[in-house]
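Enquirer: These are the residues of each chain, in order.
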Amino acid sequence: MWAEGTPATGAYAVAAYIIAAAILLTYSVILYRRGSKAP
Amino acid sequence: MTLRSRGRWITALGLCLLAVVYVRAIWFTPIEAGQGGAQKIFYVHVPAAWSFFLAVGLVGLSSVLYLLMKDDRFDRFAAASAEVGTAFGAVVLTTGPLWGKPIWGTWWTWDARLTLTLFLFLVLVGYLLLRGAVHEPGVRARYSAVLGIFGMVLVPFDHISVYLFRTLHPQPIVLKPSAPSLPGSMLFTLLFSFLTFTILYLGFVTQCYAAAASGEGASNVG
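Going down the list, the sequences are from chains A and B.
Per this note's numbering, the first sequence runs over residues 1088 to 1126.
Per this note's numbering, the second sequence runs over residues 575 to 796.
Hints are computed from structural coordinates only; laboratory data are not their basis.
Just so you know, not all the hints are guaranteed correct.
[Claimed, not checked] FRET-style restraints, in silico, Cβ to Cβ:
{"hint": "1", "chain 1": "B", "residue 1": "L761", "chain 2": "A", "residue 2": "I1105", "range": "50 to 58 Å"}
{"hint": "2", "chain 1": "A", "residue 1": "Y1119", "chain 2": "B", "residue 2": "L761", "range": "28 to 36 Å"}
{"hint": "3", "chain 1": "A", "residue 1": "A1125", "chain 2": "B", "residue 2": "F739", "range": "39 to 47 Å"}
{"hint": "4", "chain 1": "A", "residue 1": "T1113", "chain 2": "B", "residue 2": "G789", "range": "17 to 25 Å"}
{"hint": "5", "chain 1": "B", "residue 1": "T689", "chain 2": "A", "residue 2": "I1105", "range": "22 to 30 Å"}
{"hint": "6", "chain 1": "B", "residue 1": "P604", "chain 2": "A", "residue 2": "R1120", "range": "18 to 26 Å"}
{"hint": "7", "chain 1": "A", "residue 1": "A1095", "chain 2": "B", "residue 2": "P757", "range": "17 to 25 Å"}
{"hint": "8", "chain 1": "A", "residue 1": "A1108", "chain 2": "B", "residue 2": "L642", "range": "33 to 41 Å"}
{"hint": "9", "chain 1": "B", "residue 1": "V720", "chain 2": "A", "residue 2": "I1105", "range": "18 to 26 Å"}
{"hint": "10", "chain 1": "A", "residue 1": "A1125", "chain 2": "B", "residue 2": "P757", "range": "21 to 29 Å"}
{"hint": "11", "chain 1": "A", "residue 1": "A1095", "chain 2": "B", "residue 2": "R740", "range": "29 to 37 Å"}
[Stated by the list, open to error] Stretches of chain A that chain B covers, calculated by requiring three or more beta carbons in the stretch to come under 8 Å of a beta carbon on chain B:
{"hint": "12", "stretch": "1093-1100"}
{"hint": "13", "stretch": "1104-1118"}
Positions of the beta carbon are idealized from the N, C-alpha and C atoms, including for glycine.
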């Protein structure tokens, strides 16, 4: 999977994926709750 | 089906597709030899930037239509799109530095593309603050429409800033005049992610608009 000499920078990608998912999921929950309060 | 539940279903679809994007990007897309795993940030960062620009563009377009027709629905849509745009802007501005650190050796640099994108994000934040500060609906809609149009005008300038200025930021590899310069498997993952982030934008903006239309969240969205 990893070619010889490929930089080991995967941890940055993992962090980015977690942060992106956290932002989008949190915003989804905020919108869901806001919609639930609406008449 | 109400607008609110339609928005929820579209958002749920978008979140499921986002999980598919993650699986495909992590396990089924080759690792770029020069950058290593950090290159995979690209599959989230670039589509989030697309949704961010789409949101800002539609804020401006709705603002123009509001000023022409004085229809509150355009103002409400612009407000919803601005709020959703800040969420995507937050994704862009957090994932970008996480790519920059291993590849450039720095989290941030004040070059044209990065600075303009941050400025555009702050314009959206200012747009939302303005709406919260002005209580008279007609005045609020008119003032925020002007700011929304200003944001829209910045979008193409931000996109072509990598050509206009000497910048560290890579040039576009898909949204450019010539053919995309990516291997097929990487291009497929990227295009699938573009579709996913567009669906997420639609789901978010539909929910946000529906909440504003029903009167709830009026203090935030208008």
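Enquirer: Now look at each hint and say whether the structure bears it out.
Expert: Structure-based check of all given hints:
1. Here the CB-CB span from L761 of chain B to I1105 of chain A is close to 25 Å, at odds with the stated 50 to 58 Å.
2. Judged by the Cβ atoms, the range 28 to 36 Å given for Y1119 of chain A and L761 of chain B holds: they are separated by roughly 33 Å.
3. Take A1125 of chain A and F739 of chain B: their Cβ atoms lie about 45 Å apart, and the range 39 to 47 Å holds.
4. Between T1113 of chain A and G789 of chain B the beta carbons are some 24 Å apart, a value that agrees with the proposed interval 17 to 25 Å.
5. Under the hint 22 to 30 Å, the C-beta atoms of T689 of chain B and I1105 of chain A, about 26 Å apart, fit the expected range.
6. Checking the proposed 18 to 26 Å range against P604 of chain B and R1120 of chain A shows it is violated: the Cβ atoms sit about 40 Å from each other.
7. At about 22 Å, the beta-carbon gap between A1095 of chain A and P757 of chain B stays in the expected band of 17 to 25 Å.
8. Against the hinted window of 33 to 41 Å, the Cβ-Cβ separation of A1108 of chain A and L642 of chain B comes to about 39 Å, which satisfies the hint.
9. Separation of V720 of chain B from I1105 of chain A is about 38 Å and departs from the stated range, judged on CB atoms against 18 to 26 Å.
10. Remark: the range hint 21 to 29 Å for A1125 of chain A to P757 of chain B is contradicted by a beta-carbon distance near 46 Å.
11. For A1095 of chain A and R740 of chain B, the Cβ-Cβ distance of about 30 Å falls inside the hinted range of 29 to 37 Å, so the restraint holds.
12. Requiring three or more residues with a Cβ within less than 8 Å of a Cβ of chain B, the coverage given for the stretch 1093-1100 of chain A holds, as 8 such residues are present.
13. With 10 residues having a Cβ less than 8 Å from any Cβ of chain B, the stretch 1104-1118 of chain A passes the three-residue criterion, so the hint holds.
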